[in-house]
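Chains as they are written, first to last, in my numbering: chain A, 1 to 386; chain B, 1 to 386.
Derived by calculation from the structure, the hints in this document are not laboratory data. Take these hints with a grain of salt, some might be off.
Since the list gives no way to pick one copy over another, a pair counts as held whenever it fits inside one copy or between any two copies.
Unchecked claim - Straight-line alpha carbon distances no greater than 27 angstroms define the calculated DSS-like cross-link-like pairs of lysine-lysine that follow:
| # | residue 1 | residue 2 |
| --- | --- | --- |
| 1 | Lys331 | Lys363 |
| 2 | Lys344 | Lys232 |
| 3 | Lys331 | Lys359 |
| 4 | Lys331 | Lys18 |
| 5 | Lys272 | Lys237 |
| 6 | Lys2 | Lys331 |
| 7 | Lys2 | Lys359 |
| 8 | Lys18 | Lys314 |
| 9 | Lys314 | Lys261 |
| 10 | Lys21 | Lys272 |
| 11 | Lys314 | Lys54 |
| 12 | Lys240 | Lys319 |
| 13 | Lys363 | Lys346 |
| 14 | Lys346 | Lys54 |
| 15 | Lys251 | Lys2 |
| 16 | Lys359 | Lys237 |
| 17 | Lys118 | Lys319 |
| 18 | Lys237 | Lys118 |
| 19 | Lys54 | Lys319 |
Protein chains: 2
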Amino acid sequence: LKLPLGYRYATVYAGIRKVEKNDLSLIVSDRPANAAAVYTSNVVAAAPIQIARKHMTASRGLVKALLINAGNANCATRTGLAVAASTSKAVAAALACPVEQVIPSSTGVIGVELDAAKITGAMPSLVAALDADGFQRVADAIMTTDLVPKTAFASVGKGISIAGMTKGSGMIHPNMATTLGYVMTDAVVPAAALRAMLRRAIGVSYNSISVDGDQSTNDIVVVLANGASGVKPDLAKFEKALTEVLQSLAKQIAKDGEGAKKLVTIDVKGAKSTAEATRLARSIANSPLVKTAIAGADPNWGRIICAAGYSGVKFDPLKVDILFQGVAVCKSGLAADFDEDALKSKLDASEVEIRFVIKGAGKGVARFWTCDFTEGYIRINGSYRT
Amino acid sequence: LKLPLGYRYATVYAGIRKVEKNDLSLIVSDRPANAAAVYTSNVVAAAPIQIARKHMTASRGLVKALLINAGNANCATRTGLAVAASTSKAVAAALACPVEQVIPSSTGVIGVELDAAKITGAMPSLVAALDADGFQRVADAIMTTDLVPKTAFASVGKGISIAGMTKGSGMIHPNMATTLGYVMTDAVVPAAALRAMLRRAIGVSYNSISVDGDQSTNDIVVVLANGASGVKPDLAKFEKALTEVLQSLAKQIAKDGEGAKKLVTIDVKGAKSTAEATRLARSIANSPLVKTAIAGADPNWGRIICAAGYSGVKFDPLKVDILFQGVAVCKSGLAADFDEDALKSKLDASEVEIRFVIKGAGKGVARFWTCDFTEGYIRINGSYRT
Chain A
1 LKLPLGYRYA
11 TVYAGIRKVE
21 KNDLSLIVSD
31 RPANAAAVYT
41 SNVVAAAPIQ
51 IARKHMTASR
61 GLVKALLINA
71 GNANCATRTG
81 LAVAASTSKA
91 VAAALACPVE
101 QVIPSSTGVI
111 GVELDAAKIT
121 GAMPSLVAAL
131 DADGFQRVAD
141 AIMTTDLVPK
151 TAFASVGKGI
161 SIAGMTKGSG
171 MIHPNMATTL
181 GYVMTDAVVP
191 AAALRAMLRR
201 AIGVSYNSIS
211 VDGDQSTNDI
221 VVVLANGASG
231 VKPDLAKFEK
241 ALTEVLQSLA
251 KQIAKDGEGA
261 KKLVTIDVKG
271 AKSTAEATRL
281 ARSIANSPLV
291 KTAIAGADPN
301 WGRIICAAGY
311 SGVKFDPLKV
321 DILFQGVAVC
331 KSGLAADFDE
341 DALKSKLDAS
351 EVEIRFVIKG
361 AGKGVARFWT
371 CDFTEGYIRI
381 NGSYRT
Chain B
1 LKLPLGYRYA
11 TVYAGIRKVE
21 KNDLSLIVSD
31 RPANAAAVYT
41 SNVVAAAPIQ
51 IARKHMTASR
61 GLVKALLINA
71 GNANCATRTG
81 LAVAASTSKA
91 VAAALACPVE
101 QVIPSSTGVI
111 GVELDAAKIT
121 GAMPSLVAAL
131 DADGFQRVAD
141 AIMTTDLVPK
151 TAFASVGKGI
161 SIAGMTKGSG
171 MIHPNMATTL
181 GYVMTDAVVP
191 AAALRAMLRR
201 AIGVSYNSIS
211 VDGDQSTNDI
221 VVVLANGASG
231 VKPDLAKFEK
241 ALTEVLQSLA
251 KQIAKDGEGA
261 KKLVTIDVKG
271 AKSTAEATRL
281 ARSIANSPLV
291 KTAIAGADPN
301 WGRIICAAGY
311 SGVKFDPLKV
321 DILFQGVAVC
331 KSGLAADFDE
341 DALKSKLDAS
351 EVEIRFVIKG
361 AGKGVARFWT
371 CDFTEGYIRI
381 NGSYRT
C-alpha cells in the first residue's frame, strides 16, 4: 500500500523529552487540505486543543500543517496558550501559510511549562527534514508509553490512498493517556462530508475502545484530505475505508494497553437500542475485574453479568447468554456445561472474544475493544511522572 | 465498649468454602428487632437479596435472625431462590420464629449452585453455638478477600450500645467484592426512624467509598434495633453515633482494598452543590491513575484535575487549588512551588489526604474514601475464581 500523495513528514529531537528521542514532529500537506477533527470533551482542555479548535474554525477546515510534540502536554501551564500560538506561528512563517492552517497538538506530562524556544529553535532543522518518506519516523516519534508504533493503511479504488498513525495506550480509564490520531488521504473530499464521516466513524472506532468517557486533556484525531490524487471517490466506499483505518488504529491502542497482553473484543447483541448495547459493552469493557480475569485466562462470566448489571441498562438476567471464544459459559443466566481446561487454553490466545447476548429483547448491537489488565499496568503508572 | 444487649452470635464450618474456615454464621436477636436495610441496585440481584427484600416487607421490618454464608454468592443459580427460602425456613424452625423474620445474605463465587443440605445439615450445631460473646468470631467468618476483620462500636449516653461488623474490599470498581454490613443496637428506635437514618447515613459512609455505582450482586447492609436496653435515645445523638459506626466500617473497607497499602481521603470544596461535589470526589476516587500515583507517593495533581475534568461537572480549571497532605501542589490551576522530596516523604504515610478546592464557586462539599492501587490488586483478582 502506498502513502497518499502530497504529504511530507519530519521529526527531530528538540530537547522536550528528558531522554534523547525525537519529540517534535511536523506533517505538511503540499496544498492546504480539507480537514476534520474531534477533540477531548474534558473540561480541562490543554492549550494546543484550544488553539487547534480556534484555528480549525478560522481556516474553515483548511489545514496545511500538523505540529506535534511529545514529552509535555502543555496543559495547566501559565504560558500554554502563548506557547501553542507562537509555535504555530513559527510553522506558518517557515511554510509561508496562514497561522490558522497550522494545528498544534501535544502529549506528555501536564502542569510543567513548555519552552517555546525549544520548538522555534528546532524549526529550521524540522522543516529541512521534511520528507515524503518520513511517515513511519513520525509514527515512532509521537509514542509515549506506547510499546509499538501504530499505523494503518487503505486504498480506495486505484487512485486513492489513506494512511493513519496514532498513539495512546488503552488503559482501564485512560485519563492521562492522551490519544493523538492523524489520518492523511489524497482523495478529493469536501470538508463538510469529511466532518460527517469522521463523526460517524469515531463512534465505532476511538469511542468504542474503553477510552470513552474518560478523556484526557489533550485528545485529538484529525483527518486531512488534500485531493492530490485528483480522484473523487464514491463517498460510501471512501467512508468504509476511512472507518476501517480508524478502527484498526483504535484496536491497536486497545491492544497496546499499558501492561496488556491481550486484545479483548466485546460484542453485545439483543439490547433494546444501540445506545443500550453500547452502555452494556462499555460497562463490561471498563470492568477491571473482567480485565484481570482475562489476564488470568479465567472465563469468569459472573463478573461479566455483574458489570452488565450495574451498567444502568435494565434487562432480564434469565435471558442472557455469555460466550468466551465462541464457547457458551452462561445460558439463560445460569452456568452452562463446558470443558473448563479446554476453554482456559483458548483464553491463553492473544485475542479474546466475549459475547453478551440478550435473547429476544431487541436489535441493539455494539462492539467494544479493550485489553487485559496485568501487574505491568501498575508498574508503569505508579512511576510515570517522575 | 460493651456489646449491645440481647444478641447472640454463632459461626461454624458447613463445607461451603473449599478451605476449612467458618463459612456459615447466624446473628439472633432475643426479641424481634426493628430493622432497616439497603440492598444492591444491580439489575442482577442474588437470590438471598431477593428473599431478604421479600422477608423485610412481609415482616414489616421486624427481624429475629440474620443468616450469612461465605464461599458462595448463591447468584445466577438454578436453585437460588429455593435455597435462600429453605435455609431461611430451617432457621425459623430452629428459632421458632416466622420465616419472614429471617434475613439471608451470601458472599462468594457466583454461578455455582449452593447446596442447601450443607446449611440445613449444619443448623443444629450452628444454633447450639449461639453465644452473646460470638460477635468477633462472626466478623472473622464473613471475610472473603478481606485481610482483616472490620468492626466498629459506639455508645449513646450510658445505656445504649451499637456494634457493627462488615466485610468487603474497596477496589477500583469493586463489582464483585460483595459488601455485607450488620449493625446491632439495643436502643429503642422505631423502624421508620431507623430506615430514614440508615438512608441518610449510608450516603456519607458506604456510598462515599469508591464502591458506589459499581455494586455487586449481593450487597446488603442491615441495622437491627431490638430495644433490649429499654432506653429511648435522643434521635439526633443516636443518628450521629450510627453514622460514625457506618463511616468507620466503610473506611475500613476502603483501607482494606485488595492489595492496598494506603487509605486515601478525598475532600472536595466549593462545588455548586453537594451533588456536583460528590460527582467530582467520586471521579477522582475512581481514577486508577490517581490511585497508582498514590501507591508511588507521587503528588501527580495533573491526574487529579484530569479526573475532575471528565467527571461531567463544569468548573473553571483556573480557580482550582489541589493539596496533598495539606501542601498546595496546584494553585489556580497551575503548578505551585513545593518541596517535592519533603512531600514525597509525607505521601509514604498510610493515610493520604487530597483536597480539591474550587475557589468562590459554591458551598458544595463532599468527602470520599478510597485506597491506593498496587500490583497486589492484579494478583488477587487475576486468580480469584479458580
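Quick rundown of the hints versus the structure:
no. : hint               : verdict
1   : Lys331 with Lys363 : within (19 angstroms within a copy, 50 angstroms between copies)
2   : Lys344 with Lys232 : neither (50 angstroms within a copy, 59 angstroms between copies)
3   : Lys331 with Lys359 : within (10 angstroms within a copy, 53 angstroms between copies)
4   : Lys331 with Lys18  : between (53 angstroms within a copy, 25 angstroms between copies)
5   : Lys272 with Lys237 : neither (29 angstroms within a copy, 48 angstroms between copies)
6   : Lys2 with Lys331   : neither (48 angstroms within a copy, 50 angstroms between copies)
7   : Lys2 with Lys359   : neither (45 angstroms within a copy, 54 angstroms between copies)
8   : Lys18 with Lys314  : neither (50 angstroms within a copy, 34 angstroms between copies)
9   : Lys314 with Lys261 : neither (33 angstroms within a copy, 36 angstroms between copies)
10  : Lys21 with Lys272  : neither (49 angstroms within a copy, 45 angstroms between copies)
11  : Lys314 with Lys54  : between (41 angstroms within a copy, 21 angstroms between copies)
12  : Lys240 with Lys319 : neither (34 angstroms within a copy, 44 angstroms between copies)
13  : Lys363 with Lys346 : neither (29 angstroms within a copy, 54 angstroms between copies)
14  : Lys346 with Lys54  : neither (50 angstroms within a copy, 42 angstroms between copies)
15  : Lys251 with Lys2   : within (22 angstroms within a copy, 59 angstroms between copies)
16  : Lys359 with Lys237 : neither (33 angstroms within a copy, 52 angstroms between copies)
17  : Lys118 with Lys319 : neither (60 angstroms within a copy, 29 angstroms between copies)
18  : Lys237 with Lys118 : neither (43 angstroms within a copy, 63 angstroms between copies)
19  : Lys54 with Lys319  : between (50 angstroms within a copy, 23 angstroms between copies)
Figure legend: structure checked against the earlier numbered hints; hints not met, in rising order: 2, 5, 6, 7, 8, 9, 10, 12, 13, 14, 16, 17 and 18.
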